[in-house]
Each structure stands twice: as structure tokens, then as C-alpha cells.
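K.L.:
For the record, the sequence lines run as chains A and B. First residue of the first sequence? That's 1 in the numbering used here, and the numbers climb one at a time after it. First residue of the second sequence? That's 1 in the numbering used here, and the numbers climb one at a time after it.
Keep in mind that the hints were calculated from the coordinates and are not lab data. Among the hints, a few may not be true.
Said to hold, decoys possible - Now the stretches of chain A that chain B is said to cover, found in silico as 3 or more residues with beta-carbon under 8 Å:
1. 17-30
2. 37-48
Claimed, not checked - Below, in silico cross-link-like pairs of lysine-lysine (BS3-like), each with a Cα-Cα straight-line distance of 30 Å or less:
3. A:K30 / B:K42
4. B:K2 / A:K30
5. A:K30 / B:K56
6. B:K67 / B:K2
7. B:K2 / B:K42
8. A:K52 / B:K2
9. B:K42 / A:K52
10. B:K2 / B:K56
11. A:K30 / A:K52
12. A:K13 / B:K42
13. B:K42 / B:K56
14. B:K67 / B:K56
15. A:K13 / A:K52
Note that the coordinates shown come from a computational prediction; the quantities given were computed from them, not determined experimentally. C-beta atoms are modelled at their ideal positions from N, C-alpha and C, and glycine is treated no differently.
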Amino acid sequence: DAGVTQSPTHLIKTRGQHVTLRCSPISGHKSVSWYQQVLGQGPQFIFQYYEKEERGRGNFPDRFSARQFPNYSSELNVNALLLGDSALYLCASSLTLANYGYTFGSGTRLTVV
Amino acid sequence: QKEVEQNSGPLSVPEGAIASLNCTYSDRVSQSFFWYRQYSGKSPELIMSIYSNGDKEDGRFTAQLNKASQYVSLLIRDSQPSDSATYLCAVREDTGNQFYFGTGTSLTVIP
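Next up, chain A with everything else stripped away, as it sits in the complex:
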């Protein structure tokens, strides 16, 4: 079974640009959550989607948005990139809305210059 798949693995963007990160959950998993991990910190919750609906949003500005598709894959979009958006973006997959331990993807390393 394929695990949680994220693309791209690495990305370099310029301040002010827009970025789209993609995630495919484990087969059969209907919930996808996004986390941001800045170097030296623990992951911080950005969004959770379940059955294509937003079920939770963390304390991030409106520049961050996401959506989930009918096949349960998900995109995270970040507009007007800032240097502080440089981080590892993690996608987590779970079977149901109630999380009993995420399975994380390998992440997308975003560098904003």
C-alpha cells in the first residue's frame, strides 16, 4: 500500500509568489490535515478536510487556503509568500474524522527567498 504522497518534495519560491502543494492520502482514508513545521519547532495545524469539507482551521492568515477533491486528495495554496512561510509542510491522512494517530507524508520543503 502506498503511504501518504506529497508533491513536490522541495520547492523554492520568491516572496510574493503563490504556491500549490499536493497530497494524496492513504487509500481508503477520507480525512486530510495540513501542518506547517518551522525548523526547530513542532508541527502547527493549518487545516483539516473530511469528505471534501473543511472541518478545522488553525491560526493562519487568509493567504492560506486548501481544498479536498472527490478522490480525497488535497491541495494547500499559499498566496503572497513571505520569508516566514519557509517551512516543511506536512500532510497527514486518517481514516475518519476522529484522529487516532496521523500517518504523515514525507512533506514538502518550501523555501521562500
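Starting from the known structure of chain A, arrange chain B on it as the hints suggest.
P.N.:
Below, chain B without anything else, positioned relative to chain A:
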């Protein structure tokens, strides 16, 4: 805003020793607790989950939970160099589904 606090370390133990990692949390109603291991440059992987007071053992790992003291710990017995990583404590709130992570404790097992 829930707070999850961990000693950042680094914690160094000799090979074969017991490593003890600690975590405190601020929210008394949190019910689900998790330990993740994260190797440098990699994503976190789930090691243990614990939901009830007491101890839960899985191989060389034991999680301990004391809800009255708002304290959860992870013991690693017979530590191996391959256990060298950052260990993240996570708490799941009951009214929502997000996890709150601590900043992690860096563990180095010295051969």
C-alpha cells in the same frame, strides 16, 4: 490555546540505557496523547498513543499518562543509536480534531 511543553534537550544517554522523555500539557480536558519520532530531515512517525491513565508498553517503548498532573512521558528501554532522533509529544483536543505538538526533545544515544 493549548500548550504542550517538552524539554528541548539535547538528551544524551549511553547505548543500552533507559531514555526518559517528558511532556506536560495545559488543557485538562485533553484525552488523547501521542508520541512521534522524527529523524532529521524526515517527517514524524507515530510511535505510541495513550488514552487512559497508567502505563502502555509496546516493545522497548512505554508511555505513561497522568491526567491529574497533566503529564505524559515516554520511556525507551535498551536505547540504541538508531533511536537518536527528535521525539514530539502531541495532544489531541476532544472538541476538535487538531493535534497540538510540543517543540520536541532531541535524543542522542551514544554507542
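K.L.:
Taking the hints in turn, state whether each one holds.
P.N.:
For each hint, the structure was consulted:
no. : hint          : verdict
1   : 17-30         : violated (count 0)
2   : 37-48         : holds (count 7)
3   : A:K30 / B:K42 : holds, 24 Å
4   : B:K2 / A:K30  : holds, 26 Å
5   : A:K30 / B:K56 : holds, 28 Å
6   : B:K67 / B:K2  : holds, 15 Å
7   : B:K2 / B:K42  : holds, 25 Å
8   : A:K52 / B:K2  : holds, 27 Å
9   : B:K42 / A:K52 : holds, 28 Å
10  : B:K2 / B:K56  : holds, 24 Å
11  : A:K30 / A:K52 : holds, 8 Å
12  : A:K13 / B:K42 : holds, 21 Å
13  : B:K42 / B:K56 : holds, 26 Å
14  : B:K67 / B:K56 : holds, 14 Å
15  : A:K13 / A:K52 : holds, 28 Å
The structure shown violates just one earlier hint, number 1.
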